[in-house]
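Each chain, written out:
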Amino acid sequence: MGLLSKKDGVLITDPLADNNPITIQVLGICSALAITAELKASLVMGIAVLFVLGIGNVVISLMRNIIPSKIRIIVQLIVVAALVIIVDQVLKAFAYELSKTLSVFVGLIITNCIIMGRFEAFALGNGPWRSFLDGIGNALGYAVILVIVGFFRELFGSGTLFGIPVLGDAIEKTGVYSIGYENNGFMLMPPMALIIVGLIIWVQRSRNKDLIED
Amino acid sequence: MAINTDKNSYTIIFAIAMVVVVGSLLAFTASSLKSTIAANEEKEKQQNILYALGVNENGESDIVFVGTDKVEEIFATTIKEQLVLEVKDGQIVKQSTRQEYKDANNGQEPYLIDIKKQQTLAKEGKARKLPLFVGEQNGETVYVAPIRGKGLWDAIWGYVALDKNMVVKGTFFDHAGETPGLGANIKQRYFMDDFYGERLLTENGVFKGITVAKGNNDPKNEIKDDYEVDALAGATITGDGVSAMIKADLKLYLPYFNNLKNKN
Chain A
1 MGLLSKKDGV
11 LITDPLADNN
21 PITIQVLGIC
31 SALAITAELK
41 ASLVMGIAVL
51 FVLGIGNVVI
61 SLMRNIIPSK
71 IRIIVQLIVV
81 AALVIIVDQV
91 LKAFAYELSK
101 TLSVFVGLII
111 TNCIIMGRFE
121 AFALGNGPWR
131 SFLDGIGNAL
141 GYAVILVIVG
151 FFRELFGSGT
161 LFGIPVLGDA
171 IEKTGVYSIG
181 YENNGFMLMP
191 PMALIIVGLI
201 IWVQRSRNKD
211 LIED
Chain B
1 MAINTDKNSY
11 TIIFAIAMVV
21 VVGSLLAFTA
31 SSLKSTIAAN
41 EEKEKQQNIL
51 YALGVNENGE
61 SDIVFVGTDK
71 VEEIFATTIK
81 EQLVLEVKDG
91 QIVKQSTRQE
101 YKDANNGQEP
111 YLIDIKKQQT
121 LAKEGKARKL
131 PLFVGEQNGE
141 TVYVAPIRGK
151 GLWDAIWGYV
161 ALDKNMVVKG
171 TFFDHAGETP
181 GLGANIKQRY
191 FMDDFYGERL
201 LTENGVFKGI
211 TVAKGNNDPK
221 NEIKDDYEVD
231 ALAGATITGD
241 GVSAMIKADL
251 KLYLPYFNNL
261 KNKN
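If you read the protein sequences in the order shown, they are chains A and B.
One point on numbering: in the numbering used here, the residue at position 187 of the first sequence is 187, and numbering is uninterrupted.
One point on numbering: in the numbering used here, the residue at position 96 of the second sequence is 96, and numbering is uninterrupted.
With a Cα cut of at most 20 Å, we get these calculated DMTMM-like pairs of lysine to aspartate or glutamate: (1) A/Lys-100 <-> B/Asp-62; (2) A/Lys-100 <-> B/Asp-69; (3) B/Lys-34 <-> A/Glu-97; (4) B/Lys-34 <-> A/Asp-88; (5) A/Lys-100 <-> B/Glu-57.
Simulated coverage check for chain A against chain B, where a stretch passes if three residues somewhere in it have a Cβ under 8 Å from a Cβ of chain B: (6) 30 to 38; (7) 60 to 69; (8) 80 to 94; (9) 102 to 109; (10) 181 to 195.
Facing chain A, according to a computed beta carbon distance under 10 Å, are these residues of chain B, among others: (11) Leu-26; (12) Ala-30; (13) Gly-181.
Calculated directly from the structure, the hints in this document are not laboratory data.
Ideal Cβ positions, reconstructed from N, Cα and C, are used throughout, including at glycine.
I would like the entire structure built from these sequences, with the hints used as guidance.
The following block contains the structure:
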């Protein structure tokens with residue numbers, strides 16, 4: 001990372017693995033369960049959170065010295081909600097198709113605990129540039145897990161990826177379906193997302209023993 | 001920092017300032033974009049109605065509306081008439097053409113009638129306005145009716161194209177906030193296409209509706225007279241919402257189609 005000093009680079013790389021918001025901090029689980037039944041939705045949600053968390057962290061960081069500590073959570077909520085609504089309105093006016101795709105996620109972004117968590121834990125105590133990097137890093141870490149979970153759920157639940165059939169036609173019985181394979185409808189249910197996240201946590205901690213808490 | 005951010009007076013002043021700033025920012029954004037957004041929504045309604053009628057630019061399995069640059073022109077030439085029926089207690093009390101409706105309502109187009117508002121009026125026991133868009137499909141007159149109901153999280157709505165015997169000739173469904181990958185799939189081609197050819201009326205002309213049914217009775221949807229389409233996995237409540245809105249809203253059009261039959 002030529003652009004970033006080593007200390008800053010860690011802010012981006014750490015949340016991708018050893019300090020992942022979902023698997024280590026266990027934040028943002030709710031949306032990880034709700035929208036990962038298909039890969040496209042996972043990706044869109046990841047990008048949306050990237051924007052909101054990157055910008056939101058900078059805004060909160062700039063305001064950090066004037067926010068009264070008694071009402072800081074409310075202030076954070078207002079900042080996220082306002083940001084998301086403004087983006088939504090602008091998209092509705094100038095990129096209507098895209099806004100239709102995103103509409104479902106608006107409410108989920110505002111309530112995503114990763115956003116509040118990073119505001120509270122990082123942006124309130126650090127400068128705008130470092131906060132921006134932290135926001136981007138955590139959003140990427142979140143997106144990576146979402147995409148992994150979305151990949152497995154869509155592949156085994158619907159036999160498609162990005163809506164494109166990859167295992168053959170389930171109704172016409174072609175491809176792998178011709179030898180008796182069936183889509184697992186249970187993969188489409190939210191509990192399976194939790195189980196996949198659990199498996200990821202298991203793999204991650206067995207590769208890096210330092211992550212195991214006593 | 002010089003400011004003592006723990007003081008009560010500071011907290012209150014900060015809260016007030018924040019509300020004023022954010023409030024006016026949101027109000028400014030909303031009002032300055034209002035007309036652009038409204039224009040987009042009108043075009044979308046036209047695209048949806050045309051889609052139900054079968055006028056679209058679909059490929060193999062995707063959903064492509066007619067382009068926003070030409071939708072107004074196509075809508076004006078394809079939709080021959082926009083009728084407005086006023087229904088009370090299952091009877092049509094008034095029927096107006098597009099021109100009559102526009103003259104009586106400051107030039108408002110019938111396709112912009114707010115279905116949600118009309119449903120509330122009906123609940124209060126007042127007459128409900130039902131728009132009906134008349135077009136053509138393969139040389140046959142087809143009628144497109146809007147429907148609206150509740151999904152799991154939020155509103156769901158759609159347009160259903162019917163021929164004179166109330167056989168479905170096309171549908172379009174949309175939703176405000178159903179779960180992506182589950183309930184949101186009512187907006188997928190494979191679900192909407194299943195409705196084509198399904199009947200709403202029994203042999204004797206009694207309204208039966210279409211049920212989104214679990215049980216995998218007819219996954220390829222080859223049986224067209226079972227009043228059922230195959231449900232979506234993991235989306236029971238959204239599917240039930242679709243069945244309910246078809247039954248509740250399309251039934252109101254029954255007197256119009258009965259009149260149509262009696263005329264011939």
